[in-house]
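Asks: Numbering (the numbering used here), first residue to last: 105 to 429.
Every clue listed holds true.
Pair ranges (Cβ atoms, derived): (1) 181 with 397: 51 to 57 Å; (2) 300 with 401: 18 to 24 Å; (3) 229 with 167: 17 to 23 Å; (4) 252 with 125: 35 to 41 Å; (5) 144 with 335: 38 to 44 Å; (6) 158 with 216: 17 to 23 Å; (7) 214 with 361: 42 to 48 Å; (8) 214 with 401: 49 to 55 Å.
Note that these hints are calculated values from the structure, not bench results.
Beta carbons are placed, not taken as given, at the ideal position from N, Cα and C, and that holds for glycine.
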Amino acid sequence: MKIMLTLPSTLTTTFVVAMEHLSFDAESFVPWRVGGPHGRTATVSLASESLRVTHHPSPWKPVGIDLPDTERTRLRRMRQHVVVSSTASPHELPGSVQAARAVARAVAAESAGLLIDPVIGGAVPGCERCAAEPPNFRLDDGWLAWDTQVHDSATCPPWDPAGTGTCACLRVTSRGLRRFALPEITIDGAACAHNLCATNLLRAVAHRLVTDHLAFTSTHPHAAERPLDDHLEIQPSDQSFLSGGVAGLPFGVRLTPCDDLDVLRQAGGVHRLKVAPTPGTGRISCLRVGPPSGFTGSLNDWLCATQGATRTSLTSPTPARALAA
105 MKIMLTLPST
115 LTTTFVVAME
125 HLSFDAESFV
135 PWRVGGPHGR
145 TATVSLASES
155 LRVTHHPSPW
165 KPVGIDLPDT
175 ERTRLRRMRQ
185 HVVVSSTASP
195 HELPGSVQAA
205 RAVARAVAAE
215 SAGLLIDPVI
225 GGAVPGCERC
235 AAEPPNFRLD
245 DGWLAWDTQV
255 HDSATCPPWD
265 PAGTGTCACL
275 RVTSRGLRRF
285 ALPEITIDGA
295 ACAHNLCATN
305 LLRAVAHRLV
315 TDHLAFTSTH
325 PHAAERPLDD
335 HLEIQPSDQS
345 FLSGGVAGLP
355 FGVRLTPCDD
365 LDVLRQAGGV
375 HRLKVAPTPG
385 TGRISCLRVG
395 PPSGFTGSLN
405 DWLCATQGAT
415 RTSLTSPTPA
425 RALAA
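Please take these sequences and the hints and turn them into a complete structure.
Replies: Quick look at the structure:
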């Protein structure tokens with residue numbers, strides 16, 4: 105079965121840089137101080153006004169942002185902020201958002217500011233060796249975050265390392281796929297002990313979704329819809345970042361639209377993942393991820409099987425049995 109995804113004509117992504125004070129003109133700063141592989145795209149986008157850099161001489165008020173205590177304390181001391189926003193068509197991804205984040209990184213470096221990505225709900229990860237935007241796009245370079253919730257009505261038994269399938273309280277939902285004109289993805293009903301397994305599974309699914317989606321939009325620049333198979337095959341390349349570069353086994357997942365957003369509304373903080381337009385207008389905002397049709401075990405059995413794919417491929421002559429649909 106095909107799931108029809110509505111593609112918007114344009115997408116806007118925003119980054120915020122909070123600082124104590126700004127000693128330079130942020131907009132004129134861009135053409136001269138943003139170099140590297142994204143410099144030309146940033147300069148052209150700024151000239152066409154698809155990229156905007158706006159200085160606000162006021163503190164930035166975070167809403168739905170998850171920051172460590174040290175960064176939250178730092179943010180309270182900052183009295184000004186700069187907003188970097190990019191508006192582009194889906195077929196211009198990922199270059200448009202990379203250029204916007206490159207500009208935001210440069211502003212943050214020059215002003216000793218704190219760079220925040222409202223879409224993922226947190227600060228942009230970085231390090232001294234990678235202060236500039238990486239030249240090549242990789243989804244795990246801070247483009248996604250994960251919201252983990254436990255059902256409000258959950259009554260979990262005492263934690264038992266051997267009893268990982270004794271509850272179904274966990275819900276994990278992505279933050280950031282909407283930036284690429286994709287629905288967010290969620291897995292619901294796993295055992296609390298499978299938090300890492302569920303997140304890793306969704307990371308692999310997100311990698312496959314984004315890879316296929318960018319390929320589609322680049323070859324169909326004027327498409328208003330995109331057909332998506334409700335059964336998705338996760339390839340070894342989608343798992344290599346989880347296993348130190350070791351190729352795992354392919355396995356299938358089933359995608360179910362949940363555009364009524366019941367999953368998102370039920371979790372305490374997950375409502376902030378709601379994206380426009382509202383339900384009923386034809387765009388799917390969320391996809392549930394589950395075992396493929398024909399899998400006879402529980403959700404927890406399936407999670408264990410998918411996470412064991414790489415290890416099994418190295419030790420078992422018939423590893424596909426655990427993942428067979």
